[in-house]
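Under the UniProt record's numbering, residues 1 to 501 are what the sequence shown spells out, in order.
You may find that some hints are simply not true.
Capping the alpha-carbon separation at 20 angstroms, the derived lysine-lysine pairs in PhoX-like fashion look like this [said to hold, decoys possible]:
id : residue 1 : residue 2
1  : Lys226    : Lys172
2  : Lys227    : Lys452
3  : Lys30     : Lys172
4  : Lys301    : Lys185
5  : Lys30     : Lys221
6  : Lys452    : Lys300
7  : Lys208    : Lys226
8  : Lys345    : Lys273
9  : Lys221    : Lys208
10 : Lys30     : Lys208
11 : Lys301    : Lys452
12 : Lys175    : Lys185
13 : Lys435    : Lys300
14 : Lys226    : Lys452
15 : Lys435    : Lys452
Distance windows between CB atoms, simulated [stated by the list, open to error]:
id : residue 1 : residue 2 : range
16 : Ser150    : Phe34     : 47 to 53 angstroms
17 : Gly119    : Val220    : 45 to 51 angstroms
18 : Ser126    : Ser228    : 53 to 59 angstroms
19 : Ser228    : Phe35     : 26 to 32 angstroms
The set of hints was computed from the structure by calculation and includes no laboratory data.
Ideal Cβ positions, reconstructed from N, Cα and C, are used throughout, including at glycine.
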Amino acid sequence: MISFCKPDVQSNIVSMVHVGAIGGALVATKLIDFFGRVRSLQIICIVYLVGVIVQMTSKNLGQLYAGRFVEGLSVGCTTTAGPVYLVEAAPSVIRGVVGAIFSAPIYLGVMIEYFANYGVVLDVPSLTRSKQPNDLQWIYTLIPKVIIPSLMFIFSFVFCIESPRWLVKTGKIEKAVRNLSHLRKLPQNHPYVIAELSDINDQVETEKQATSGYNMWRCVKEICTKKSIAYRFFAIAALAQILGQWSGANAITLYAAQLFSLAGVAGAAGKLKMMAILGVVKFVVAYFAAFFLIDIVGRKKTLYIGLGVQIVSVLYYAIFLTVVPQAANKGADGTFTPSQARASKAAIASIFFNAIGWVIGWNNTQYLIGSEIFPLHIRSFAQSAVMVVHFANMYGNAKALPKMMIAMHPYGAFYFFAGVMVLGMIWSFLLPELKGRNLEAVEEVFTLPWYKLRHGDVLVQDHSQVNKLTHGDSKCGDSESENMELSKETLDGVRVSEKSV
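Can you build the whole structure from these sequences, using the hints too?
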């Protein structure tokens, strides 16, 4: 069995980021509610840089684990703060696109790291002149991890503005109006801006009156005891993370080099080249799915497409390992007949198709769904809790795959993943479709019984003020004086209600 016989050290290094991410997701809710969405992301960039520097200066395995853990803390915070910020800042008609874009830069980073690994293998010798292992090989691969967050930290001061929803929630009404106007590229007195501000304020005030004195434990209690919230958390958001992670796609990404070897790719450079190409494919497909599928085809249909592609590709890979056992036993050193050689090329292609299916389906769903379905007063906490489930399962899956490949044989692990994806297909049938629905109007969908949620887009109308207006409609037939009057009336109402709470 290739590369999976001594799995502990390898899986520990890989999964230590996930352990840290669990802690990061736990603290993220307090971080982003106290400091705001943008300031929190800036803090996260600094923590990430610290983790990478600790890794680059590692003198022993313990320090490397520590650096990976600190890096994981920032990753866990990012997956809470990022989606929440994006869906709160985006207009409803493109919220799915903007939310899905969160996952696309992840694959930009993956692609850069894959090419860094490939380039280092080609250009940096593995041994020093004294025939000792050359640490510069792996240190050089971490350089992009220093450059990218540094640039993000700098550019965030120029291009990022705080979420209007968080500003209204914290009583900073004037700034919320300015930021919403800036985000929508419309005047502050424009009916669309006024309507959206009114929707945000109405939800904030309703929730403040209902949840006065809320703390973390009351949020936990509400998630566990309030039927609608509990269903959203356990049956939708948390189950999406469990089914998504145990579909095996993330583990396949982490151990892609070994899986390419099982399919017949020879040599370190050859495997890393395939991984670099895999990174390009994921990056391109992520943006394609974000711009042309999520808000056009819809969340559910996009997930169906992705799951269908994944199931077929994983089943093929499992069947290949079943009928060509020498691939599992010897990897690229096995001797293939002409027909087996053709089958091995298809197995390589199946890894790429699995990645395509994952990026289109589960990868978009797992980040977007938790940030859309919860009410504002527990949104950040619930998203943090969802990400704890996410990283706990990612950690378990990353630790489990090498051992699964030994205990169940490689083909058994992939049959298991296919079975999980079939369950995911059944689960996705019950999801509500939230395409185009204003964030404040999502709550109305969950007044339906669970078995009717899949028809929520038909059974429940979007009654938000924003839904009554479009940019085009609101520009027609409105005088400037009417806009000014509406703006003053609405803002005065917001200020009065803010003072009364």
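Quick rundown of the hints versus the structure:
1. Lys226 <-> Lys172: 30 angstroms, violated
2. Lys227 <-> Lys452: 15 angstroms, holds
3. Lys30 <-> Lys172: Status holds; Cα separation ~18 angstroms.
4. Lys301 <-> Lys185: 31 angstroms, violated
5. Lys30 <-> Lys221: It holds: about 17 angstroms lies between the C-alpha atoms, which stays within 20 angstroms.
6. Lys452 <-> Lys300: 15 angstroms, holds
7. Lys208 <-> Lys226: 17 angstroms, holds
8. Lys345 <-> Lys273: The given pair, whose Cα atoms are some 15 angstroms apart, holds under the 20 angstroms limit.
9. Lys221 <-> Lys208: At roughly 17 angstroms apart (the allowed maximum being 20 angstroms), lysine 208 and lysine 221 satisfy the hint.
10. Lys30 <-> Lys208: 17 angstroms, holds
11. Lys301 <-> Lys452: Within the cut-off at roughly 17 angstroms; holds.
12. Lys175 <-> Lys185: This hinted pair holds, its Cα atoms lying about 15 angstroms apart.
13. Lys435 <-> Lys300: OK: lysine 435 and lysine 300 at ~9 angstroms, within 20 angstroms.
14. Lys226 <-> Lys452: 18 angstroms, holds
15. Lys435 <-> Lys452: Judged against 20 angstroms, a Cα distance of about 17 angstroms means the pair holds.
16. Ser150 <-> Phe34: 47 to 53 angstroms: Taking Cβ atoms as reference, serine 150 and phenylalanine 34 lie about 24 angstroms apart, which means the hint is violated.
17. Gly119 <-> Val220: 45 to 51 angstroms: 47 angstroms, holds
18. Ser126 <-> Ser228: 53 to 59 angstroms: 57 angstroms, holds
19. Ser228 <-> Phe35: 26 to 32 angstroms: 29 angstroms, holds
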